[in-house]
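Peer 1: All chains should be modelled from the sequences, with the hints used to inform the complete structure.
Respectively, the protein sequence lines represent chains A and B. This note's numbering puts the last residue of the first sequence at 324; the count rises by one with no breaks. This note's numbering puts the last residue of the second sequence at 324; the count rises by one with no breaks.
There may be inaccurate statements among the hints.
[As the list claims (entries may be wrong)] Computed list of lysine-lysine pairs in DSSO-like fashion (alpha-carbon distance at most 30 Å, straight line): (1) A:K15 <-> A:K320; (2) B:K154 <-> A:K320; (3) B:K212 <-> B:K200; (4) B:K154 <-> A:K154.
[Said to hold, decoys possible] A few chain B residues that face chain A, going by a derived Cβ cut-off under 7 Å, partial list only: (5) R159; (6) G162; (7) T168; (8) V169; (9) V170; (10) R171; (11) L260; (12) D261; (13) H290; (14) H293.
The hints are simulated quantities; they were obtained by calculation from the structure and are not laboratory data. Idealized CB from N, CA, C, for every residue including glycine.
2 protein chains.
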Amino acid sequence: MARVVRGGIDLGGTKIETVVVDSRSQVLGSARRPTPTKGGPADVATAMVAALKDACQTAGFASDQLRGVGVGAPGIIDPQTGAVSTALNLPNWRDSYPLGERLAEAFGTEVRVGNDVQVATDGEFELGAGRPYRSVLGVFWGTGVGGGIVLDGKPWIGRGGGGEIGHTVVRMNGRRCPCGRRGCMEGYSGRAALEARARKLVEEGEKTDLFKLMQKHDRPRLTSSIWARALDQGDKLATALLDEAYEALGNGIASAVNLLDVEAVIIGGGLGIRFGQEGADRIASEMSPHLYHDLQPPDVLVAALGDVGGAVGAALLVRKTARR
Amino acid sequence: MARVVRGGIDLGGTKIETVVVDSRSQVLGSARRPTPTKGGPADVATAMVAALKDACQTAGFASDQLRGVGVGAPGIIDPQTGAVSTALNLPNWRDSYPLGERLAEAFGTEVRVGNDVQVATDGEFELGAGRPYRSVLGVFWGTGVGGGIVLDGKPWIGRGGGGEIGHTVVRMNGRRCPCGRRGCMEGYSGRAALEARARKLVEEGEKTDLFKLMQKHDRPRLTSSIWARALDQGDKLATALLDEAYEALGNGIASAVNLLDVEAVIIGGGLGIRFGQEGADRIASEMSPHLYHDLQPPDVLVAALGDVGGAVGAALLVRKTARR
Chain A
1 MARVVRGGID LGGTKIETVV VDSRSQVLGS ARRPTPTKGG PADVATAMVA
51 ALKDACQTAG FASDQLRGVG VGAPGIIDPQ TGAVSTALNL PNWRDSYPLG
101 ERLAEAFGTE VRVGNDVQVA TDGEFELGAG RPYRSVLGVF WGTGVGGGIV
151 LDGKPWIGRG GGGEIGHTVV RMNGRRCPCG RRGCMEGYSG RAALEARARK
201 LVEEGEKTDL FKLMQKHDRP RLTSSIWARA LDQGDKLATA LLDEAYEALG
251 NGIASAVNLL DVEAVIIGGG LGIRFGQEGA DRIASEMSPH LYHDLQPPDV
301 LVAALGDVGG AVGAALLVRK TARR
Chain B
1 MARVVRGGID LGGTKIETVV VDSRSQVLGS ARRPTPTKGG PADVATAMVA
51 ALKDACQTAG FASDQLRGVG VGAPGIIDPQ TGAVSTALNL PNWRDSYPLG
101 ERLAEAFGTE VRVGNDVQVA TDGEFELGAG RPYRSVLGVF WGTGVGGGIV
151 LDGKPWIGRG GGGEIGHTVV RMNGRRCPCG RRGCMEGYSG RAALEARARK
201 LVEEGEKTDL FKLMQKHDRP RLTSSIWARA LDQGDKLATA LLDEAYEALG
251 NGIASAVNLL DVEAVIIGGG LGIRFGQEGA DRIASEMSPH LYHDLQPPDV
301 LVAALGDVGG AVGAALLVRK TARR
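Peer 2: Right under this line is the structure:
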């Protein structure tokens, strides 16, 4: 009897992560491709198909053996049809595109599409750092800052738009966020906001090695590894900006914990994974002075599934298909 | 056959509100007594018994006819035993006191004790402004600012300490809150914080009629009605402080909505009730620029049960007793 395997795809603004997992969600193979920055949704879908086929090959399965493919995507998602719209970090993806249908045709199996941050949180809750708990807040600290909520074992997304912890106001009338609003936590801590801030300060005459490191390592932007290198070198501007980022994360996450009193906060995302448990500990330490019940703080843990966590979480969306 | 009636008590830092309700939660009688400011928990319990007896008299029932008494209390509550500790707004109430047992002896019926803000939210959810919705955030804007959460029809209190929306940080390193932390929403909007701020500004030489109005109307503090009068007179300092309070409430509540995406926000509490739907509309307007999904804002409504809402909500705690 053939083994039952499922596919998982995490569609990010920078890269497409894919996995093939078995019925116990063990990763049998994985692959990564860059997200197209030109073209449109059809080109992105083509790259997703190719990336998941790569993962199948790595795992030693033909792609038509997949029983179910789960996708975590940004933007506005119709969970019934798998259509995705308003994915503003992806090329020309404003209108609705039938992503689920397109992938179902390519793989000949059921495809389900969920919110990228929520499936990553579900993955950590069921399989990763969240396993000991019944209620967790996932904070994905990368290009932006996203959030996922699990309360009493169940995801909470409100009317479909919940979890936007990045847009917690940590400073009234504060800095402009990439979203256009003022004072959001993401405006002080997201990778894109940090890069924009660094560029502005350099234009104003401040010194930093951040952009030299970027060129030396041939990166198109200030990636999490560039930030980590700059910190290791003791770069003063990078250190000051990250200090501010940790402070904003501590204030904003403490506010969410004061409201929800979850058992654990799980820190993922590109920067979150890069800075690891040490970074999670710094966030916990910045949260502490703002926790109303400071004698009963939540555990603050780095995500355990690493870079493939979003894809593994996405594959959970089609668990039932695979179990049939 | 005797009618089945229940008692409800809302134990606040300033006053004790009590109601007698029928099986459909209609208020048959109500009474109010000031909360003792001296003595200790036993004196507060004695005043609570007297206040609920007053309500029974108003309703035309003997107090031994009550079938169940529900209490909303501040502090840390053991919902199994009805013991209350750390009620810091009440006189010498740090250690655990068996409030539930004491009231059960006095009335010869089952007594259940819940969190004051959560029972008020439950009351609005089931009987008041929250009835059309499945998920609501209650914000009680009074001496402090408390919050209650109902998600998919069920209260959410986390590990028992959730709902502390007043301690959402709206300004990193901002003003000192009465709780001792920095930048909390309550520090800019709670009645106690507003009064402390007004006193400080007067000491620094600013002019206001707030304290003259307080003396004229023989109040021991700047009550919500004093604030309302000062606004009506166009008092500049009062207007500026309330403007700032609305801004802080808008920022902090928008942050909570970005996280939870509830259908409705219900504004209660002394100041919330005083400023009514007009005040709720101002809060909605201050929230708007900070809502991530600004095309799908929640409804923002003033609490419908008024001053007795907390007591009516408390009586819901013993609904099952009464239905036996």
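Peer 1: It remains to establish, for every hint, whether it holds in the given structure.
Peer 2: Against the structure, the hints:
As the CA atoms of A:K15 and A:K320 are separated by approximately 27 Å, the hinted pair is consistent with the 30 Å bound. Note on B:K154 and A:K320: the hinted pairing holds, with a Cα-Cα distance of about 27 Å set against a maximum of 30 Å. This hinted pair checks out: B:K212 and B:K200 have alpha carbons roughly 16 Å apart, not beyond 30 Å. The suggested pairing of B:K154 with A:K154 holds, with an alpha-carbon distance near 13 Å, which does not exceed 30 Å.
Among the interface hints, the one on B:R159 holds; its C-beta lies about 5 Å from the nearest C-beta in chain A, closer than the 7 Å criterion. Interface restraint check for B:G162: the shortest CB-CB distance to chain A comes to about 4 Å, inside 7 Å, so the restraint holds. Given hint, B:T168 at the interface with chain A, holds; its Cβ is 4 Å from that chain's nearest Cβ, closer than 7 Å. Proximity of B:V169 to chain A holds as hinted, the smallest CB-CB distance being about 4 Å (cut-off 7 Å).
With a cut of 7 Å, the hint placing B:V170 at the interface with chain A holds, because the nearest CB-to-CB distance is about 5 Å. With a cut of 7 Å, the hint placing B:R171 at the interface with chain A holds, because the nearest CB-to-CB distance is about 5 Å. Checking B:L260 against chain A by beta carbon gives a least distance of about 5 Å; that is within 7 Å, so the hint holds. Proximity of B:D261 to chain A holds as hinted, the smallest CB-CB distance being about 2 Å (cut-off 7 Å).
With a least beta-carbon distance of about 5 Å to chain A, the hint placing B:H290 at the interface is held under the 7 Å criterion. With its C-beta approaching chain A no nearer than about 4 Å, B:H293 sits inside the 7 Å limit, and its interface hint holds.
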